[in-house]
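Colleague: Build the full structure now, drawing on both the sequences and the hints.
Protein chains: 2
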Amino acid sequence: MTDLTRLIHPRSIALVGASDRLHSIGERTLSNLLDHSEFDGEIFLVNPTKTEIRGQKCWPSVAALPVTPDIAVIVVPVAGVLAVAEECAGRGVPFAVVLTSGFGEAGEEGEQAQVRLKAIADAGGMRIYGPNCPGLTNVNHRLGLTFSPSFPHDLIKGPIGLATQGGGLGRNVMQAMDRGIGIGLWASTGNEVDLQVADFIHYMADAPDIKVIVTLLEGIKDGAKFVAAIQRAAANGKPVIAFKVGKSEYGQRAAQSHTASLTGSAEVNSAVFRQFGVIEVDDIDELVDTAWLFARAMPGPEDGIGIYTSSGGTAALTADAVGTRGLRLATFAPETRALLKELLPDYAAIDNPVDTTAVVLSDAQLIEKTLGAVASDPNLGCVIVPITLDYGETTIQMARTIIAAQKNCTTPIVPIWMSDRMGEGYRMLVEHGFAPPRSVGKGLSAVRRWVAYGRWKRSQSGVSAVTLTSVLPPASATRSVSELEGKRQLREAGIAVLPNALARSQEEAVAKAAAMGFPVVAKIASGQIVHKSDIGGVQVGLKTAEQVAAAWVDIMASAAHHRPDATIDGLLIEKMAPQGGVELMIGVTRDPVFGHVMTFGMGGIYVEILRDVTRRMLPIGAEDAAAMVREMRCFPLLDGARGRPRADLQALKALLLKVSAFVVANADRIEEMDLNPVWLGAEGEGALPLDAVIIERAEQKASA
Amino acid sequence: MTDLTRLIHPRSIALVGASDRLHSIGERTLSNLLDHSEFDGEIFLVNPTKTEIRGQKCWPSVAALPVTPDIAVIVVPVAGVLAVAEECAGRGVPFAVVLTSGFGEAGEEGEQAQVRLKAIADAGGMRIYGPNCPGLTNVNHRLGLTFSPSFPHDLIKGPIGLATQGGGLGRNVMQAMDRGIGIGLWASTGNEVDLQVADFIHYMADAPDIKVIVTLLEGIKDGAKFVAAIQRAAANGKPVIAFKVGKSEYGQRAAQSHTASLTGSAEVNSAVFRQFGVIEVDDIDELVDTAWLFARAMPGPEDGIGIYTSSGGTAALTADAVGTRGLRLATFAPETRALLKELLPDYAAIDNPVDTTAVVLSDAQLIEKTLGAVASDPNLGCVIVPITLDYGETTIQMARTIIAAQKNCTTPIVPIWMSDRMGEGYRMLVEHGFAPPRSVGKGLSAVRRWVAYGRWKRSQSGVSAVTLTSVLPPASATRSVSELEGKRQLREAGIAVLPNALARSQEEAVAKAAAMGFPVVAKIASGQIVHKSDIGGVQVGLKTAEQVAAAWVDIMASAAHHRPDATIDGLLIEKMAPQGGVELMIGVTRDPVFGHVMTFGMGGIYVEILRDVTRRMLPIGAEDAAAMVREMRCFPLLDGARGRPRADLQALKALLLKVSAFVVANADRIEEMDLNPVWLGAEGEGALPLDAVIIERAEQKASA
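Listed in order, the protein sequences are those of chains C and W. The first sequence begins at 0 in numbering that gives the first Met the number 0 and counts up by one. The second sequence begins at 0 in numbering that gives the first Met the number 0 and counts up by one.
No lab work stands behind these hints, which were simulated from the structure alone. Hints are supplied without guarantee of correctness; some may be wrong.
Which copy? The list can't say, so a pair holds if one copy fits it or any two copies do.
As the list claims (entries may be wrong) - DSS-like, lysine-lysine: derived pairs with alpha carbons at most 30 Å apart:
1. Lys574 to Lys542
2. Lys224 to Lys246
3. Lys246 to Lys340
Modeller: Structural data, given as structure tokens:
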């Protein structure tokens with residue numbers, strides 16, 4: 000990863016295309032630099048048609064500058080960008096910030112210009128930010144490399160770092176600063192000809208002034224870079240909250256028409272997010288609710304929720320939102336309970352949720368004491384204070400009380416502003432950095448993500464950095480490995496499979512079956528026939544020599560009928576799987592962004608209908624394997640629900656790890672793998688892939 | 000249902016407990032009546048300690064009044080309420096509105112007072128509203144029978160009717176009037192000693208000034224009344240939007256501690272809502288988003304969604320929200336497309352979603368023409384206009400354009416205000432009744448419910464009113480019908496079951512099996528053994544006389560071992576179910592609120608683990624049966640997915656209807672019924688309950 004320090008903290012900046020023509024991009028960018036930044040380095044204005052702008056000297060070219068600036072901000076029209084870039088690269092400028100549009104997003108001509116821009120930068124060792132972007136907004140260090148007329152209003156410094164591709168949605172998040180917590184740095188990387196969102200996530204992971212990283216993505220270009228960045232953030236204890244469009248076909252198509260880049264598989268993206276602790280949200284308001292909560296406080300070791308309100312209906316509603324999200328209501332410590340019982344009236348509810356009832360609202364001291372007691376309870380991870388109404392002075396008093404109570408405790412008090420009426424009480428909470436979510440559901444969804452991140456973090460005891468297996472362009476040709484050979488490879492990799500043997504004649508089939516011991520399964524053996532059952536190529540439960548002999552005849556006839564083209568190697572005779580057990584499946588595909596991805600779940604027809612599957616990028620660790628097993632909806636079935644025998648979960652987890660290691664060891668070769676079904680027995684009985692389809696890259700050189 | 004006309008439109012009102020003591024309930028209620036209502040009937044003040052208040056004559060008692068008022072509003076302290084109620088009832092006052100607290104919500108003494116209050120009302124034929132409630136807020140006819148200091152500000156008349164139990168959450172919804180659409184009538188029924196939320200839903204269903212009904216519920220007391228009310232609303236074409244707490248144990252417990260009433264089963268409530276077209280939401284903000292959208296426009300026959308925005312990222316985000324909610328993006332008519340192509344720049348996206356790009360935002364006429372063209376497209380049900388940012392004047396102009404475009408078309412334009420910054424543009428949209436949702440996700444969730452209601456309404460072709468089967472207190476004793484007898488009853492009700500016979504000896508078992516034809520199933524026959532498999536009481540696939548004879552020995556031994564207490568009638572010999580097919584289940588229970596409820600879904604272990612079930616209150620109609628089948632997650636499996644044979648869906652739907660009819664015909668007797676498994680064959684093969692457990696009320700008189 001490039002060190003971006005000089006891009007974020009430059010010592011000198013050249014503005015190429017500086018202008019004093021009102022409302023021009025050159026003028027607006029200049030004004031942001033001169034009037035609205037607090038930059039104490041040198042600023043060079045470059046414009047060959049001027050000698051002076053606003054009383055500052057204007058240089059004819061970057062080449063003519065007395066020193067090499069750390070950054071060249073390029074705002075000249077699209078036709079002139081390449082020449083300027085060439086000049087900058089020649090001068091040895093380390094970073095070019097290209098705000099100009101008309102590149103990859105603007106048809107074929109623009110795409111060609113973008114390719115040339117990249118080539119110029121690569122040749123000169125210059126890094127490019129943009130093009131086609133609103134620029135870089137550094138609030139904490141007050142530097143606007145942007146033409147945005149909003150920059151003068153981006154005044155709230157803060158611990159949130161924002162990395163987005165598009166400018167519009169990024170600006171939407173910037174306006175959430177109105178909720179009272181600021182965004183310290185916003186990178187909006189536009190067409191990402193070079194620097195990507197991931198570069199800025201990586202930078203923010205190390206930046207001491209950033210505590211929470213927020214990102215908006217339409218597509219991830221470089222999976223390895225992205226994974227490295229989010230692992231860096233995780234290692235440094237900084238949560239990454241991500242919103243990525245493309246969960247539906249409509250969204251994928253619209254994003255593609257917008258950025259001309261593919262969004263990638265939503266399932267794979269979400270799996271990678273989950274694997275590395277990235278907190279995925281489903282909308283921008285959820286992103287704001289969640290990130291702003293993290294900016295207030297990091298989750299601690301306790302994850303019980305407290306609820307404190309003065310409305311019985313709201314208490315029930317909020318308790319319900321806790322329950323439906325799988326969160327846990329804390330049990331108050333005895334001293335908290337005793338104090339509430341002493342201070343609150345008889346008809347108040349003093350167990351969690353606390354309902355003080357509205358009649359005590361006028362007693363600010365009482366509220367402060369009782370809320371303070373709840374917030375100091377050691378059993379709590381956070382206290383939710385849903386504010387049902389804007390009742391003017393009463394509500395202002397409540398806001399004051401919350402502010403005072405928070406001063407005496409570290410457990411975050413999370414007020415939720417439920418009313419459409421947003422008066423002075425709301426403004427006071429915002430001013431004091433409470434960033435209130437605006438519905439109980441939304442607030443608790445943010446808390447659920449906050450708690451889940453805390454749990455994830457605690458579960459990650461010293462996991463080492465993961466490197467992607469192998470990202471390759473799609474294979475030009477593939478071939479499937481025979482089942483016999485595939486299972487041999489698995490066995491070699493330490494994965495248990497049932498005894499089997501290839502029989503090249505009817506006699507050999509009978510002999511091998513007898514040697515193996517009945518019952519057996521007979522399957523057609525042919526490199527060209529992958530879906531054996533579909534052509535009548537499988538017979539199971541063969542208990543005698545006669546049945547095996549008959550199976551030979553039937554299967555060969557069926558294969559000849561359905562696939563006269565296929566070369567038949569014979570019959571694969573295999574020991575029949577034990578009785579009982581559960582059918583699962585393990586699949587591996589090569590994702591164009593993240594390399595090999597494993598899909599694991601229920602086998603059989605349920606896989607596609609009920610989609611009870613879970614995914615991980617490879618390689619996985621022991622914690623991932625355990626999490627994958629637990630994430631299945633049908634996990635209770637494996638865990639002994641309804642009086643069923645407990646499945647051999649140890650063997651299953653070991654199998655997942657071995658498959659991962661096998662794929663990693665053969666990463667360049669394996670394109671796809673399908674172990675389906677995988678037989679899983681009761682405790683001690685093991686886990687056995689009953690079928691193995693391995694598709695490998697054909698040896699001819701792959702073309703991109 | 001009582002006619003509530005005189006409660007909503009009284010000709011005269013007595014205020015019992017009228018006062019001029021500042022901030023007392025009597026004073027606040029009086030002020031709301033005299034200063035903030037526009038009531039042209041007579042108002043009588045009653046207070047034995049005064050002769051005059053605020054210049055108006057004060058009467059010593061209700062008995063002393065010159066005429067009988069339509070309503071007595073009772074605000075005297077709790078100790079005096081019963082005497083006043085008695086007086087009112089004696090005088091023949093039709094409605095008492097009791098605002099006073101200290102009844103059912105306040106411990107045992109209060110509960111007793113509440114019982115007496117109800118007895119007084121019942122004896123005198125007087126209806127009671129309350130007690131323990133903020134009162135009745137009639138905005139459209141400007142009459143406040145309430146002590147709320149907010150009433151003077153409840154000024155926006157409107158088409159929304161609001162019926163709530165609690166006051167706090169109800170007031171929260173009232174404050175959503177700030178979103179620009181008013182609430183015409185708010186009934187907050189408090190302890191519901193007599194009049195319930197359902198009475199007001201029923202009233203609003205007939206009220207000409209109410210178009211949309213909103214309700215907040217903690218528990219439904221009278222299922223029959225509630226179902227009658229929501230059916231009335233459906234018949235009159237008025238959507239009912241409901242939010243009910245109690246979806247989790249936490250919520251149920253908190254609601255119970257708040258209202259001292261059980262919330263009922265969330266699954267059953269939701270099923271009844273779905274059955275009768277009630278739109279259920281999961282939070283109050285969703286309720287507001289949804290109801291306010293209905294208040295703007297009812298869904299029409301087209302349900303395609305249009306998206307119009309000036310941000311590519313927002314276009315993708317919104318299209319994604321459409322897709323993930325199962326909504327459909329409309330295809331524009333050719334003339335719309337042509338006009339967009341002509342007017343918008345080349346780099347704009349002119350197919351749905353429309354992304355004008357930000358550069359054209361300054362051209363208001365262009366925006367108005369193109370937005371107008373989209374909104375007039377005949378293929379659209381609504382147009383979503385997500386507004387990404389508050390950009391001051393630009394956004395105000397956008398708001399103006401939306402307002403102008405809406406004037407020329409009936410298809411609703413739904414602006415979504417996405418930013419936390421809510422400036423003048425937002426206020427203009429509110430002022431013009433657009434009630435903008437505040438995130439794309441929330442907005443589209445409301446649209447999804449709006450579209451779903453339109454579809455539901457179109458599917459309801461002349462369904463006749465449904466009457467609850469039989470609501471009874473829990474049975475003091477039940478007994479299970481033998482499988483033989485249960486299946487006989489089913490057969491009598493026209494439900495196909497496999498041939499079976501009771502064998503009282505081993506010889507009889509063999510003989511009956513032989514007569515029936517092999518293979519057969521043998522099951523223990525005992526009124527005391529319900530879960531036969533669990534004690535080794537079932538053997539399947541018996542193909543010979545010897546196997547049947549052996550089964551007799553095994554099963555009898557197993558039964559004697561596990562249940563030495565049970566009376567054994569013999570073995571039930573039954574024809575074996577055909578090969579293949581799918582296992583389903585049909586269950587019926589008696590809900591204490593709604594009578595018999597049917598649960599239908601996948602059979603076997605998957606029922607509990609995957610919860611792939613759907614429910615309906617009985618009786619069901621053909622449309623319900625069809626909907627239940629379609630609602631199963633595994634419906635594609637039955638419908639021929641993955642090359643499976645299509646199941647006999649006709650037979651399945653017929654079976655659901657016959658079971659419904661059977662339960663209705665035996666409603667007082669049947670407590671519970673479990674047909675599990677139900678065998679469902681391929682098309683033409685039928686649907687057969689393989690087991691039948693019927694639990695009936697024991698004949699002794701049930702005690703409550």
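Colleague: Compare the structure with each hint and give your call.
Modeller: These are the hints, each one checked on the structure:
no.	hint	result
1	Lys574 to Lys542	both (11 Å within a copy, 28 Å between copies)
2	Lys224 to Lys246	within (22 Å within a copy, 43 Å between copies)
3	Lys246 to Lys340	between (49 Å within a copy, 28 Å between copies)
Going through the hint list in order, the structure satisfies each hint without exception.
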